[in-house]
Structures are given as structure tokens and as C-alpha cells.
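These protein sequence lines are chains A and B, in that order.
Using my numbering, the first residue of the first sequence is number 1, and each one after it goes up by one.
Using my numbering, the first residue of the second sequence is number 423, and each one after it goes up by one.
It should be emphasised that the hints constitute simulated quantities derived from the structure, not laboratory data.
Among the clues, some could well be false.
[Claimed, not checked] Here chain B is said to cover these stretches of chain A; the calculated rule only asks that three of the stretch's residues, wherever they fall, bring their Cβ under 8 Å from a Cβ of chain B:
| no. | segment |
| --- | --- |
| 1 | 33–39 |
| 2 | 354–366 |
[Claimed, not checked] Here are the simulated distance ranges between beta carbons:
| no. | chain 1 | residue 1 | chain 2 | residue 2 | range |
| --- | --- | --- | --- | --- | --- |
| 3 | A | Gly125 | B | Thr515 | 40 to 46 Å |
| 4 | A | Gly138 | B | Asp544 | 33 to 39 Å |
| 5 | A | Phe187 | B | Ala447 | 41 to 47 Å |
| 6 | A | Ile73 | B | Ser545 | 35 to 41 Å |
| 7 | A | Gly148 | B | Ala455 | 57 to 63 Å |
| 8 | A | Gly113 | B | Ala504 | 34 to 40 Å |
| 9 | B | Ser589 | A | Ala341 | 33 to 39 Å |
| 10 | B | Thr586 | A | Ala346 | 27 to 33 Å |
| 11 | A | Ala346 | B | Ala489 | 19 to 25 Å |
C-beta atoms are modelled at their ideal positions from N, C-alpha and C, and glycine is treated no differently.
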Amino acid sequence: MRDSRRPAWRGLLAIGLGIGLVGPGAAARAAVSEVEPNGSLASAQRLEPVSTLLSAAFPPAGGGALVTASLGIGDVDYYAFDLAAGELVTAAVVTDDEGALADPTLALFDPTGALVASDDDSGPGFLPALRLRAQAGGTWKVAVSGFGDAGFTGSGHSESFAYRLVVSVTTAPPSFLEAASDTNGSFGTADPVPPGAGAFDVLAPGGVSVVTASIAPGDVDYWRVPVAPGRKLSVALYDEGGGALADPVLRILSDASTALRDDDDGGPGFLPALASTTAPASSSSLTLAVSGFPDANFDGVSHDETFTYQLVVALGPAAGLVCDVNGDRFVDRSDIDLIFAARGQAASGAGDPRDVDGDGQITVLDGRTCTLQCGNPSCAPAVHAACGLMGPEALAPLLWFALRSRRRQAAAPSPRGEEVSP
Amino acid sequence: MKAVSVSVLGALALGLALAPAPARAVSLSLSPALITASGSSFSVDLVIAGLGAAGAPSVGAFDVDVAFDPGFLSFGGASFGAALGSIPGDALTSVLSSAGLVDLAELSLLLPPQLDALQPADSFALATLSFNVLPSSLGATALSFGSSLISDAFGRALVVESATGASVALAPAIPEPSAFLVFAVGLAALSRGSWRDPR
Chain A
1 MRDSRRPAWR GLLAIGLGIG LVGPGAAARA AVSEVEPNGS LASAQRLEPV
51 STLLSAAFPP AGGGALVTAS LGIGDVDYYA FDLAAGELVT AAVVTDDEGA
101 LADPTLALFD PTGALVASDD DSGPGFLPAL RLRAQAGGTW KVAVSGFGDA
151 GFTGSGHSES FAYRLVVSVT TAPPSFLEAA SDTNGSFGTA DPVPPGAGAF
201 DVLAPGGVSV VTASIAPGDV DYWRVPVAPG RKLSVALYDE GGGALADPVL
251 RILSDASTAL RDDDDGGPGF LPALASTTAP ASSSSLTLAV SGFPDANFDG
301 VSHDETFTYQ LVVALGPAAG LVCDVNGDRF VDRSDIDLIF AARGQAASGA
351 GDPRDVDGDG QITVLDGRTC TLQCGNPSCA PAVHAACGLM GPEALAPLLW
401 FALRSRRRQA AAPSPRGEEV SP
Chain B
423 MKAVSVSVLG ALALGLALAP APARAVSLSL SPALITASGS SFSVDLVIAG
473 LGAAGAPSVG AFDVDVAFDP GFLSFGGASF GAALGSIPGD ALTSVLSSAG
523 LVDLAELSLL LPPQLDALQP ADSFALATLS FNVLPSSLGA TALSFGSSLI
573 SDAFGRALVV ESATGASVAL APAIPEPSAF LVFAVGLAAL SRGSWRDPR
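Please put together the full structure from these sequences, using the hints given.
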């Protein structure tokens, strides 16, 4: 639903002209790939969609940026974007395993370079999530590292994983608000999530949209997102209290109104978050339902929660990480080798991880772009830190058994049962 | 009306702001451009120019086809320069040859600043190609470019505004005396000299 304070056609006209002038590449810009080197505040990779697509020319759109990237041992990734004072920024790292294995950390730096917020595990599993209202306008930075790197310098962590960074910006006042009439209270009357930064063009690699809405006792909000099969949907709710005061619940439903996933407290505090949901082949859209605990049926009947929330929706590429051709969740030389060997071939489809620029052909341009996503210098292979008993120490129990067996043999009577005189 | 104008102007400004910046144009050539092949083989450099001195843009990868007449020449081999990193540690390479066509490709694994440092000049050789002249080939032939794709350090295409091949003049081989013949003549001269010695 559009902001009722503005005539709808004005916004649509502006969007149409903007997209017409920009061309098809504009939607694709909503999802960007990591470009190394970005390992310091000074070399932070700029996230252009955040700063440009939230300009006055796009009043109805909430926006953000989705970055596909990978982190190697000793690596840290910085990204830069512009904020005006009073704007609300959320940042979250999502992985395909929803934080079951990887343990990323996240930090926000203000325009002076001061670290103003950091997080480790507020999102699903070990994933981090942050929400912050900018006290000062200027270029802010967000850093992604691994657990153990408290200074966000890259040292002290042994994590290596592929990730998607979801950054959203809500203008002040919010650029997209739920309609005052609040008629999205059922599956059949779901409002479309605004297109945001070209987020939901099914041909684009992905994008982010953010909408501000409210829940009152007995209320439930339904939002609809067009998807293509295989695309990765990340959904998170944020509120002013950081999840300390309100207890929202979240559901994802298929085209057939079937509940696919529910969450209550996967995000910060009591806030819900679903890091990575793969769009099923049978659905051309997914519907998101927001209600209050304990409304298990998402009909609004059984809750008395009151809160205002930002719903951040990110639609990622289909095949996990773009460039991760061998599917090991890390971009390294083995992936680049596969892309290089396939140059000249047609891409297998819209989600082909080898076709980064989406032109339908696998070329050296794709290969070169992917080298910038490698987690290690010169695309060296991932080195997984050995966990506890993967080295020679794993043989320690065998040694104990051997010693015990030897002692028993020594203590046993002779085979013929003869007593040995002292 | 005023509000509409603001929206329209805003959209126009956004469109212009997001319009892709014009890509840097580069040129490809084979050097030397005029080759006189009087022997059984010759070499030619694949040269890129127009990158500007120092800094970006730098070449991050290339995929270039060079065509030749298989009635006169056969492909002998190729070696790559060091401008995209050391091989095989820092770059992937590929050489594919079929009748009348050589496909050369290289992809650097280095970061953009490293490539900038390796490519300080406006022009340099990406690779060197060797060709063999088929026996009894006479006349002239040419080496020309087929499809060419040049990537900058960030995976963006650099526009190839010109691709200049090379002309090859196939001169008849000048017969050279064999080593045995030279030795025999020398030996004969020495023998004659000593026979004439009155002592």
C-alpha cells in the first residue's frame, strides 16, 4: 500500500521515468557483489543503491542493498553508504545454514570512523543483526568479520563462510508506511511489499525493501513478495525497542496459503527473523504474515501486542552464493577454474552462479568479477581450522585402551595357571 | 504542477546519475604489424594500448581470438606476459588452437591495486604467439583478430575500439650452406695450402 499522503501517480511516474532512463541495469544494482580489497574503513566498498535509490526521486520506496560475499580466515569486509541524520539503518548477515555453522560478527561505524554498534549473535543461530538510528549524517560503514575479531581488523578469527549482507535504510519520516486503513489483515488482502531498490524484479539478482507498519491488539498484517523458484528470501522485523518490549511473530506462506515457516524470537530480543528461505518451485510469490505472540494462527484473535515495526525483506540469488560454483559455500580458485573453463558457454539459467552479470553467457568478465569475491588472497583455497579431535590427539583414547590392555595382560595369571613363587 | 515537475526532474536526475559511465576504450594490435617470414617460424606480440599511464583501468582478464590462414601457417605456441600476475600462481591461462584460429585467454587472480602496480604503462604485451610457416609457402598472408573481450580489474568490459592485425610476407628461404659443406671447403683449402708448401 502506498503512503496515503502522496498521490500515487506521482510516485509511479517518477519511478517509471527513473527506471526508463536508467535501463535494466538499475534493478540489478540492488544486489551487489563484494569487491576486494575492502578490509579497512579507508577501503570500504561503497553500497551505491542505499545512497542513490533513497533519493527524493523515489518517495514511495524503502530501500537497501544486498551484498553477496565471502569471508576468509583473517579477512574483514567493510562497506560504506550514506545516511542522513535521523534515518534508521538495519544490517544483518545471513547465511544459507542460518547461522548453524558460521559465526559472523557485525559492526557499524559513524562518519567519524567511531564504532557505534556491534553484534555477534542477535540474529538466527550465530548470525548478527543490528538496528540503529543515525545521529549524524554522512558516510557510515558496516563491517563483517568472524567471532574472535573484536577490533574488526581481521585478526583473531578463524571463520570462513559465504554470506549475504542485508542493509536497509528507512528515511525519517518513513518513506513507505502501511496504509492508515490497514486492510491487509488476511491472506487474500495482502499488500504488496514495495519494490524498494529494484528488489523484486525476478530477473534481477536480488535486492532489499523495507516497510514501516504497526500492529495493534487483534491486528495482523499480510505482505506479498513476488519470487522466482530457488531464490533465497530473508525476512526480519526490527522495532524501536530492539525487541525488548514487543513480541511479534512471523510466518511465511506459499501461494496456496500453506504455512512454510514460522518464527518468534529468531532476531534481536523477542523479534522474529528467518534468515534464508528458498522459494518453492510451485510458488510465484511468498506471503509474509506479522502478528503478536501468541497468535499461532495468524488471525489476530489471540494477541494484545502493540508495536511499530520495520519489515526488512531481502531477495537473494537462487544458488546460495553467486560464484560459488562448486557449492562449498566459499569462493576460491576451484570456483574460478570452473568459470574459466566454461567461458564461451551459455548460462544454464537465471541462477547460474557462473553468470554473475546475468547476460546469459559465461565469460572472462564473470570470472574476473568472481575473483573479487574470493575469501583469500589470489583465491587460495579455504583453510578450515581443525576442531578439537581432528589431529593426532584423536588417537589418545586408543593409547589409553592399549595401556589398559597391557596392564591387564601383565596382571593376568600365566596360561597354565601355575603360581609363580616370589 | 510544481510537485509533478519536481518528481520528473528528480527522476531525470536519478536516471542520469545511475546511467552507466562510458567505458574506457582500448586498442589491440599485433606487433610487428609487418612481418617478413623468411624462415620456418616467426613470433608476434599481442599488444594492448590505451589504458593510460599508471593506475586504473588495468586489465584483469582477456579472451582474444587471432585468425590465420592454415594454408600458409600453423600455430606454434604462445607465452603470456607478467602484467596479469605470475603464472600459474596468480593467473589462469588457456590456449586453444583449431584450424585457422587461436583462442588466448588469461584471468588474473590479483586484486585491482596489484594489477595497477603491474601495469604502469599505457601499452604492453599481453602475450607472444609463435607461428610456423608451412613448407613451400610463398606470397603474403595476414593475422587478424576475431572476437575479443577485455575485462578491467573489476570485471567490467573495456571497449575495444580498434583491433589491428599483422601482414605476413612469406619470402622464399635463402639457402644456407650446410655446416658439413663449410667444413669440407675449409678442409680442402687447408689441404691445398699444405700441398703447395715447398718445404
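Can you tell me if the segment 33–39 of chain A counts as covered by chain B, using C-beta to C-beta distances under 8 Å and a minimum of three residues? Answer holds; 3 residues pass the 8 Å Cβ test.
Coverage assertion for the segment 354–366 of chain A with respect to chain B, Cβ distance below 8 Å, three residues required: Coverage by chain B holds for the segment 354–366 of chain A (6 residues, Cβ < 8 Å).
Does the Cβ-Cβ separation between A:Gly125 and B:Thr515 fall within 40 to 46 Å? Given about 41 Å between the Cβ atoms, the range holds.
Verify the CB-CB distance for A:Phe187 and B:Ala447 against the hinted window 41 to 47 Å. Given a distance of about 54 Å, which is not inside 41 to 47 Å, the answer is violated.
Verify the CB-CB distance for A:Gly148 and B:Ala455 against the hinted window 57 to 63 Å. Because 58 Å falls inside the window, the suggested range holds.
Between A:Gly113 and B:Ala504, does the C-beta distance stay in 34 to 40 Å? 37 Å, holds
Assuming the hint says 27 to 33 Å, is it satisfied by the Cβ distance from B:Thr586 to A:Ala346 or not? 30 Å, holds
That 19 to 25 Å hint for A:Ala346 and B:Ala489 (C-beta), does it hold up? 23 Å, holds
Given the hint of 35 to 41 Å, check if A:Ile73 and B:Ser545 actually sit that far apart at their C-beta atoms. About 39 Å separates the Cβ atoms of A:Ile73 and B:Ser545, which means 35 to 41 Å holds.
Is the distance from the Cβ of A:Gly138 to the Cβ of B:Asp544 consistent with 33 to 39 Å? Between A:Gly138 and B:Asp544, where Cβ atoms are some 37 Å apart, the hint holds.
State, for the Cβ atoms of B:Ser589 and A:Ala341, whether the hinted interval 33 to 39 Å holds or is violated. The hint (33 to 39 Å, Cβ to Cβ) holds, given that B:Ser589 and A:Ala341 are roughly 34 Å apart.
Of the numbered hints given earlier, the model fails hint 5 alone.
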